[in-house]
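Novice: Work out the full structure, taking the sequences as your base and the hints as a guide.
Protein chains in written order, with this note's numbering: chain A, 3 to 247; chain B, 3 to 247; chain C, 3 to 247; chain D, 3 to 247; chain E, 3 to 247.
Be aware that one or more of the hints could be misleading.
Identical chains blur together in the list; that is why a pair holds if it fits in one copy or across any two.
Said to hold, decoys possible - Once the Cα atoms are required to be at most 25 Å apart in a straight line, the calculated DMTMM-like pairs of lysine to aspartate or glutamate come out as:
{"no.": "1", "residue 1": "K130", "residue 2": "D77"}
{"no.": "2", "residue 1": "K157", "residue 2": "E114"}
{"no.": "3", "residue 1": "K165", "residue 2": "E154"}
{"no.": "4", "residue 1": "K130", "residue 2": "D186"}
{"no.": "5", "residue 1": "K48", "residue 2": "D230"}
{"no.": "6", "residue 1": "K157", "residue 2": "D211"}
{"no.": "7", "residue 1": "K130", "residue 2": "D13"}
{"no.": "8", "residue 1": "K165", "residue 2": "E107"}
{"no.": "9", "residue 1": "K157", "residue 2": "E107"}
{"no.": "10", "residue 1": "K165", "residue 2": "E128"}
{"no.": "11", "residue 1": "K48", "residue 2": "E128"}
{"no.": "12", "residue 1": "K48", "residue 2": "D77"}
{"no.": "13", "residue 1": "K165", "residue 2": "E114"}
{"no.": "14", "residue 1": "K157", "residue 2": "E207"}
{"no.": "15", "residue 1": "K165", "residue 2": "D152"}
Hints listed in this document are in silico derivations from the structure and should not be mistaken for laboratory results.
None of these values were measured; they are calculated from a predicted model.
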Amino acid sequence: MFPTLLSVTSDPPPLAASVGQAVLHLFCHVPAGPGFDAEVIRQAVKSARADGYQVVPAALLGHKADLGLMALGPDLWRLRAFQSEIQASGAVPVASYVSLTEISEYAAGVPEELRQARLFPQLPPEGKSAFCFYPMSKRRSAEHNWYSLDFESRKELMMGHGKVGRTFHGRVLQVITGSTGLDDFEWGVTLFGVHPDDLKDCVYEMRFDEASAHYAEFGPFYTGMVGDLDAVLTALGQGAPGGSG
Amino acid sequence: MFPTLLSVTSDPPPLAASVGQAVLHLFCHVPAGPGFDAEVIRQAVKSARADGYQVVPAALLGHKADLGLMALGPDLWRLRAFQSEIQASGAVPVASYVSLTEISEYAAGVPEELRQARLFPQLPPEGKSAFCFYPMSKRRSAEHNWYSLDFESRKELMMGHGKVGRTFHGRVLQVITGSTGLDDFEWGVTLFGVHPDDLKDCVYEMRFDEASAHYAEFGPFYTGMVGDLDAVLTALGQGAPGGSG
Amino acid sequence: MFPTLLSVTSDPPPLAASVGQAVLHLFCHVPAGPGFDAEVIRQAVKSARADGYQVVPAALLGHKADLGLMALGPDLWRLRAFQSEIQASGAVPVASYVSLTEISEYAAGVPEELRQARLFPQLPPEGKSAFCFYPMSKRRSAEHNWYSLDFESRKELMMGHGKVGRTFHGRVLQVITGSTGLDDFEWGVTLFGVHPDDLKDCVYEMRFDEASAHYAEFGPFYTGMVGDLDAVLTALGQGAPGGSG
Amino acid sequence: MFPTLLSVTSDPPPLAASVGQAVLHLFCHVPAGPGFDAEVIRQAVKSARADGYQVVPAALLGHKADLGLMALGPDLWRLRAFQSEIQASGAVPVASYVSLTEISEYAAGVPEELRQARLFPQLPPEGKSAFCFYPMSKRRSAEHNWYSLDFESRKELMMGHGKVGRTFHGRVLQVITGSTGLDDFEWGVTLFGVHPDDLKDCVYEMRFDEASAHYAEFGPFYTGMVGDLDAVLTALGQGAPGGSG
Amino acid sequence: MFPTLLSVTSDPPPLAASVGQAVLHLFCHVPAGPGFDAEVIRQAVKSARADGYQVVPAALLGHKADLGLMALGPDLWRLRAFQSEIQASGAVPVASYVSLTEISEYAAGVPEELRQARLFPQLPPEGKSAFCFYPMSKRRSAEHNWYSLDFESRKELMMGHGKVGRTFHGRVLQVITGSTGLDDFEWGVTLFGVHPDDLKDCVYEMRFDEASAHYAEFGPFYTGMVGDLDAVLTALGQGAPGGSG
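Specialist: Set out below in structure tokens:
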């Protein structure tokens, strides 16, 4: 097991955002056979949760990755320890995303309750087990350069965009986290849907919105099913000897 | 073998699209030698079919992948279990596509029979063993932005596009599935042709159609031959001890 | 060895193009050491030739691949069996191309002899052992969209293009095969030159031709030397115990 | 261990920049298990520091790399020896950046103290353990070509850019090193922040500055936490038997 | 060792350019540990030199590759044998470039001495051990299409370009080799500098020249130090048992 308890180094002081939480999406290949120990995953998730961190497990479809883990909490060092514990299981992170929860500049005046929900989302939402994640940036082409628009134009575009998104209320929960300067795109988008076609319909419809049509650049999409950890590991062929997730 | 029967976790509830079926294309490398057990593949396909899922096997040409498996059915968890079983054989998914059957917005009023054929296609079609798959998106450039066109313009372009496609009726069956928000492109296109040049001629001719010429972006192409599973495994050098496919 | 003879499955019916031949370019890494059995390659090539398939071996330069094999013949299943046999040797296909010989629409009226030479080329040509392969597509940008040009304009551009090519007659043989819908580009170009600078001069000069300058998109280039199989294997450090190629 | 002491070759003469220092960013995967010897890393860092080289260790988040090491000093041969020693530990460099400290042409007249701080930065800065690195280039598109602007225009743009940067004084230290002709982008940017959202806010805000909005192209981002070597190795699951970093 | 001497095949006739020399840049990962035999590298280089081929060894910085070998000589078969011998050592080519020395069309009338220096460069130059290699092509965009310019315009641009280059005479030696039709870019550029900042300053300054600013597309950069083979291997942690390089 992961020998954090044996270390004689004095731990570094926590490194947290001054506002909001750090978010680490890990997408892992899980090797078939004896090279993988699911119990190490279970312990890592249990330990992170015991420290007050949220961990959302998902079984992913397709070749890109098998196991998705979305971890949220204050301290980057603790998230890295979590990642190291996951790697110690034999799972291999093959994709990931590093971001922070945030209140966007266009939402500066939202009510306190909504503000808390954005900075400290409670995940996963009940009854929405269809999962996808994708990163995105705003376009900076000669004809459509988001960063040359003034604040009012951008705010208006974002409002229109949000209006389309709200028509999916109840079918899709959208969690947008900021990653400019931290990862290759500017935002990470995590969607939780009731049905997989809720995810598809939502992203498809928003693509016609001007903020997306002219200004969005999308990265790769990771799709799967949120479930408790044992269900996820079982779906990955790593049948559980017991326990809960 | 794959220990799904040993799990003590209560299975998660099925996760299905509210309309249509989920489709998982898996493109796998099949290792030469003892690292691969073809029998595990046979059991996985048999088991999925026993649960009412369709599985179309194909032997692929070239370095991208050896074995293609197109699986269709309602529950994403069941498709993931299928994928895990495939991986347990030693086959390595190196490409894939996640999509859903759908009635496009341009085909909203099609007759019920056609609607059923699109949502629940019966695959593979008889006598069309030339296979290719590619994903595609609509372009969002400054000059040609599909998502800035109004519905009528898009519908007209799609009608013209469909007209070209229909001239290949009898030579090519085209299955288009939606993946916006689920995978890296917006649609997956699976073609079944009588001859390999039917596939080539069809895609070539459609490329002159305005909907393709100005608005289509294509991903990688996977090409091969559909056959029963034993024929496919035999073509991959995994001679069968018996059984049917 | 490759157990095709042990299979009890009834073979699938051949799958051939209705016009011309299927072409499979395989570019393989050849592992140093005991993981590779050159004899398996020799048998695979011998067996394909015995079935009437052409196989052109080439030793390639650089990291992209070591061994190039260009195989031509009618049946896709037979070509896949050839590929599986190659893989059984320990050679690893790391690049490839799938295409068909064709009479382009601009050459519809060529004399029968030329037509046969294009659909059934006899390869490799005598005395032209400098080899390169690259795939290409026609551009579909806003300013230069090949697929928006009318047939006459395209034909005229292709004529000019061909005229430049013909000035290299005797120095370079060009084999163009079609792959729209089959592989990631629209055509595969295989060049055989007397000297390596014949290849360079030919492609360089054609790049100034309008059909290339404005409309061509090129994929990766694979370069090497055509030789008999034993010479090629010897150049790859796989000295032959005897035999011919 | 690394046998530099056993070599009987006469060492090549040092190869240093005529102005400033060489900088090598190494981003490594650290294998779990016996394939990695943390002690070799400790010795390599100790030895480089004993020779007067700076080494900044960082634990990185996400799949791109586990361990970041930013090494600065005069001699390229010595930096390569450092890299070889790191590789001898079992750590695998999977990303890197080669650059030189420099006084940009726009800062030719800075005071000597600032000049020294740029050519010989003392790293890491106290109290700024949030780390990110990314490479960038100036755009050379038809509409926005940095290299077609005259010096005065470029200088003005850089001044505006610097002004935004200075509003983050105290929260973010920015180290920009030059790599035109040495690595794939033109500059490497290393940021040290008090909080991770300092990095995000700084890069986000600068993206609206015209020099970035119209002229910047960004490479991949590597994000993590600077700490002493033992803290970093511990965070990577490589608990220390003792020692300091 | 490499069994070229055991082969019973009659060697294929040499394949050489009709003008100039073939150039093979190999960039290799050198595995730590017993999987690599430096002695095999030493023999391969010695043998190539004995056959009249030049081999320039370089230790490279960063993750892209460890060992660089630039080999020049007439016969492609001999260069491939050299590559096979390198691979037999356990070194793994992970990047490479295939090109030919040439007299560009803009330099058709250079004095014979310069012509010889370009077709048969003597490498490495004395006292210039800072090394970099990068491939490049001329742009073919709608606004800046090199291949649509007439010869005089291109010649003028190349003259201006050369003038900038000549200001670095004594600090940088530039070797440009042609690869249109042979590798993915149109030219390979190998620079030898007195100091690493000579390389940086030279490429940086030329980037403002119109031929680069509007028309150049650059590939990846490989940077390191030229030295005798033993010094290079020692820098890679492969301490020499003796011998010279």
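Novice: Given a CA cutoff of 25 Å, do K165 and E114 count as a within-copy pair, a between-copy pair, both, or neither?
Specialist: within (20 Å within a copy, 33 Å between copies)
Novice: For K157 and E207, with the copy left unspecified, which applies at a CA distance of at most 25 Å: within, between, both, or neither?
Specialist: both (20 Å within a copy, 16 Å between copies)
Novice: As a check of your reading, is K130 near D13 (CA-CA no more than 25 Å) within one copy, between copies, both or neither?
Specialist: between (38 Å within a copy, 16 Å between copies)
Novice: I want to check one pair: K48 and E128. Are their C-alpha atoms no more than 25 Å apart within a copy, between two copies, both, or neither?
Specialist: Within. Shortest intra-copy distance 20 Å satisfies the 25 Å Cα cut-off; inter-copy 34 Å does not.
Novice: With identical chains, the pair K165 and D152 could be close in the same copy or across copies; at 25 Å between alpha carbons, which is it: within, between, both, or neither?
Specialist: Both: 20 Å inside a chain and 19 Å across chains, each within 25 Å.
Novice: Could you place K48 and D230 in one of the four classes (within, between, both, neither) given a Cα distance threshold of 25 Å?
Specialist: For K48 and D230, the Cα distance is within 25 Å only inside one copy (12 Å; across copies 28 Å).
Novice: Can you give me the call for K165 and E107, within, between, both or neither, at a CA distance of at most 25 Å?
Specialist: both (17 Å within a copy, 21 Å between copies)
Novice: Can you tell me if K157 and E107 fall within 25 Å by alpha carbon in one copy, between copies, both or neither?
Specialist: within (9 Å within a copy, 30 Å between copies)
Novice: Pop the pair K165 and E128 into one bin, within, between, both or neither, using alpha-carbon distances up to 25 Å.
Specialist: within (23 Å within a copy, 45 Å between copies)
Novice: How would you label the pair K130, D186 (within, between, both, or neither) given a Cα cut-off of 25 Å?
Specialist: between (28 Å within a copy, 22 Å between copies)
Novice: Tell me, please, which holds for K157 and D211 at an alpha-carbon limit of 25 Å: within, between, both or neither?
Specialist: This pair counts as both: shortest intra-copy Cα distance 14 Å, inter-copy 18 Å.
Novice: With identical chains treated as interchangeable, where does the CA-CA distance between K130 and D77 reach 25 Å or less: within a copy, between copies, both, or neither?
Specialist: Cα proximity of K130 and D77: across copies only (15 Å, versus 27 Å in one copy).
This entry satisfies every hint, going by the numbered hints stated previously.
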